[in-house]
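**Student:** The primary structure of each chain is shown beneath.
2 protein chains.
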Amino acid sequence: MDLDAHVRLVESQMRTLLVPSEPALQPFYGMMSYHLGWLDAQFRPIQADGGKRLRPLICLLACEALGGDIQRALPAAAGIELLHNFSLIHDDIQDNSPMRRHRETVWHLWGMPQAINAGDGMLILAHLALQPLQERGVPPATVVQTLRVLDQTCFRLCQGQYLDIAFEQREAVDVEEYLRMIGGKTASLIAASAEIGAMLATDGSQAIAASREFGWELGLAFQMVDDILGIWGDPQVTGKSAASDILSRKKTLPILFALQHLPASSAAAFGRVYAQEQLAEEDVPQILGWLEQAGARADVIQRAELHTQRALAALDRTGGSGPAQEQLRALAQSFLKRSF
Amino acid sequence: MDLDAHVRLVESQMRTLLVPSEPALQPFYGMMSYHLGWLDAQFRPIQADGGKRLRPLICLLACEALGGDIQRALPAAAGIELLHNFSLIHDDIQDNSPMRRHRETVWHLWGMPQAINAGDGMLILAHLALQPLQERGVPPATVVQTLRVLDQTCFRLCQGQYLDIAFEQREAVDVEEYLRMIGGKTASLIAASAEIGAMLATDGSQAIAASREFGWELGLAFQMVDDILGIWGDPQVTGKSAASDILSRKKTLPILFALQHLPASSAAAFGRVYAQEQLAEEDVPQILGWLEQAGARADVIQRAELHTQRALAALDRTGGSGPAQEQLRALAQSFLKRSF
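From first to last, the protein sequence lines are chains A and B. Sequential numbering of the first sequence, starting at 829, is according to my numbering. Sequential numbering of the second sequence, starting at 829, is according to my numbering.
Chain A extracted, bound-state conformation (with noise of 0.2 Å):
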């Protein structure tokens, strides 16, 4: 599956929004650059890995297969892409991750206060993306129905990302907790990356509605596989440590699972374990043989499954064809193949 060229097409249309309007506010544009893969920390050009660019191509190959032309959709698949990476400048700061990527985050490197603001910035972008779309043909009325997609979408990131600080403080927190913790906060982008892809392509209300769904499904079914990579990932292949979700005590879904159903005497015992400040590399094996008894991987493999079969079916409803729906489809099924 050859997406290089869309990747291309999305890198060049974020570019002509971060030029530097003049010479004293270059590190301002120099740290989201950063961040997005295109400056080292001393803002030279580079190529960094800056993500796989995953939403704007949904977004596009939403439009394409739908009959539309992915040049109209170009403006809003980067206003997406800015969206996402918006979110994880804060994330970064809010989780105190020093690492993304195998870079140092923007936060350990400039600092907490200009990190907000370059995530303010970013966030602001992601709203001026959009703004050429007239220009490209689209109906007014169109655009303003695009930008109430992405700032409800947004709106939901940050009701999700309330619940996840909010769940970190907590020591209870059940599997439909987390499920709508995840809509909001990894679902719903996707979501609106394929519902805005269609469109920018259609009228027809119907097939905007399954486009949107498929990308929900895909979102959810995206999440459940990083939650188990997370936890039984190839530490070559995720570049993170092994068990580096359970190393961070994140309460992630096969945990939450597992929690909810062990017996109790083990689900208190593995409860205890989990509270504790620091975990020990010595303390992942017992926690693996926890999740293992409860079911927990097994379990989130076949929800991740269900959540891709939903994905399919809403893509066939969606009425798209010919390479770009290949293309979708493909995608949906490579996020199974990642983990398992």
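If you're looking for bench data, these hints aren't it; they were derived computationally from the structure. Each hint should be verified, as a subset may be incorrect.
[What the hints assert, rightly or not] Chain B is nowhere near these chain A residues, computed Cβ spacing over 12 Å in every case:
1. 873
2. 987
3. 1005
[What the hints assert, rightly or not] From the structure, some residues in chain B lie toward chain A, with a derived Cβ separation under 10 Å:
4. 852
5. 866
6. 871
7. 914
8. 916
9. 921
10. 948
11. 951
12. 952
13. 956
14. 961
15. 962
16. 967
17. 985
18. 1032
Yeah, the Cβ is synthetic: ideal placement off N, Cα and C, and Gly gets one too.
Given the coordinates of chain A, assemble chain B onto it according to the supplied hints.
**Tutor:** Then chain B, alone, in the frame of chain A:
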């Protein structure tokens, strides 16, 4: 000048956006409502000081003075005030300020991660606030244009914030740099308030440009008066300690003017005192002496008067009329009277 009815309209409009969608999210909405002065720290309704709502008032009056219907401008006025408050929530984190308007700040009560997220949420609400413009008969193309002005303004705000944070880490900042910074941080949003109000009343590009200029000049005057109050303001009136900006070593306009205009030996001594980690109450009289010697207060007053005159001249050029026009004039004049 009775603008209470206008303020009440803005408050009601803002409240429509902050209705929790489900009980689990109540604290997320609660933190934002607390900041706006509607709830206490336990999320019980109160009436606290949430600020003067100056920017939405300017928006509504600018619309009214040009013959527009304030009901049409209300969603934009609410959005502008939310945008302003987003910047305050993040500003308080970035400045490490524990108090605002005699109340604890959001980050101080709920921690930095949740406060970043509450600010992000408020910024998105500022955008969603504008969506009802369409239902009120504003053409979609004007809605897109209004969102463009709002986002360009917010991006300038982020640029100003970048400079502000960067200046704190620098020894020398000249007056010109400072004026550029406050242009971004303060004047641009007041300019946008007046511009958007005009845009929602008329298509006349000259009236819109003059209204924007009114807001811009007013914003500069406003910040200069604030800088004067931060040093020479009456603690009874400002609610801050005397010479509060000196004690927190802020590089405001009077300080920068003095550093630039004192004889070299005094300027160097001033610079050394101001560069201390911590300023003592005992340092204040000496610093006030240097400011006096440089004529800093008189210079900043003169600048504030000049910008107020320019604002009033621009207001005349808008061609606005009626009580709203007179209220805008009175508002501009009242700023100067705040301080001297």
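**Student:** Holds or violated: the hint that residue 852 of chain B contacts chain A, with Cβ atoms closer than 10 Å.
**Tutor:** Constraint on residue 852 of chain B satisfied, holds at 7 Å.
**Student:** Would the hint on residue 871 of chain B be counted as holding, given a Cβ-Cβ threshold of 10 Å to chain A?
**Tutor:** 14 Å, violated
**Student:** Any CB of chain A closer than 10 Å to the CB of residue 916 of chain B?
**Tutor:** 13 Å, violated
**Student:** For the restraint on residue 956 of chain B, tell me whether the closest CB of chain A is nearer than 10 Å.
**Tutor:** Holds - the Cβ of residue 956 of chain B comes within 10 Å of chain A, reaching about 5 Å at its closest.
**Student:** Have a go at the residue 1032 of chain B hint: is there a Cβ in chain A nearer than 10 Å to its own Cβ?
**Tutor:** 20 Å, violated
**Student:** Taking 10 Å as the limit, does the beta-carbon of residue 921 of chain B come near enough to a beta-carbon in chain A?
**Tutor:** The hint holds - residue 921 of chain B has a Cβ within 10 Å of chain A, the shortest such distance being about 6 Å.
**Student:** Does the nearest C-beta of chain A fall within a distance shorter than 10 Å of the C-beta of residue 967 of chain B?
**Tutor:** 7 Å, holds
**Student:** For the hint on residue 951 of chain B, does the least C-beta distance to chain A fall short of 10 Å?
**Tutor:** Result: holds, 7 Å to nearest chain A Cβ.
**Student:** Would you settle whether the hint for residue 914 of chain B is holds or violated, based on the nearest Cβ-Cβ distance to chain A being less than 10 Å?
**Tutor:** 8 Å, holds
**Student:** Would you assess whether residue 1005 of chain A, listed as outside the interface, keeps its beta-carbon beyond 12 Å of every beta-carbon in chain B?
**Tutor:** Since the minimum Cβ distance to chain B is about 7 Å, residue 1005 of chain A lies within 12 Å and the statement is violated.
**Student:** Taking 10 Å as the limit, does the beta-carbon of residue 948 of chain B come near enough to a beta-carbon in chain A?
**Tutor:** 5 Å, holds
**Student:** May I ask you to test the interface hint for residue 985 of chain B with respect to chain A, counting a Cβ-Cβ separation under 10 Å as satisfied?
**Tutor:** 8 Å, holds
Going through the hint list in order, the structure does not satisfy hints 2, 3, 5, 6, 8 and 18.
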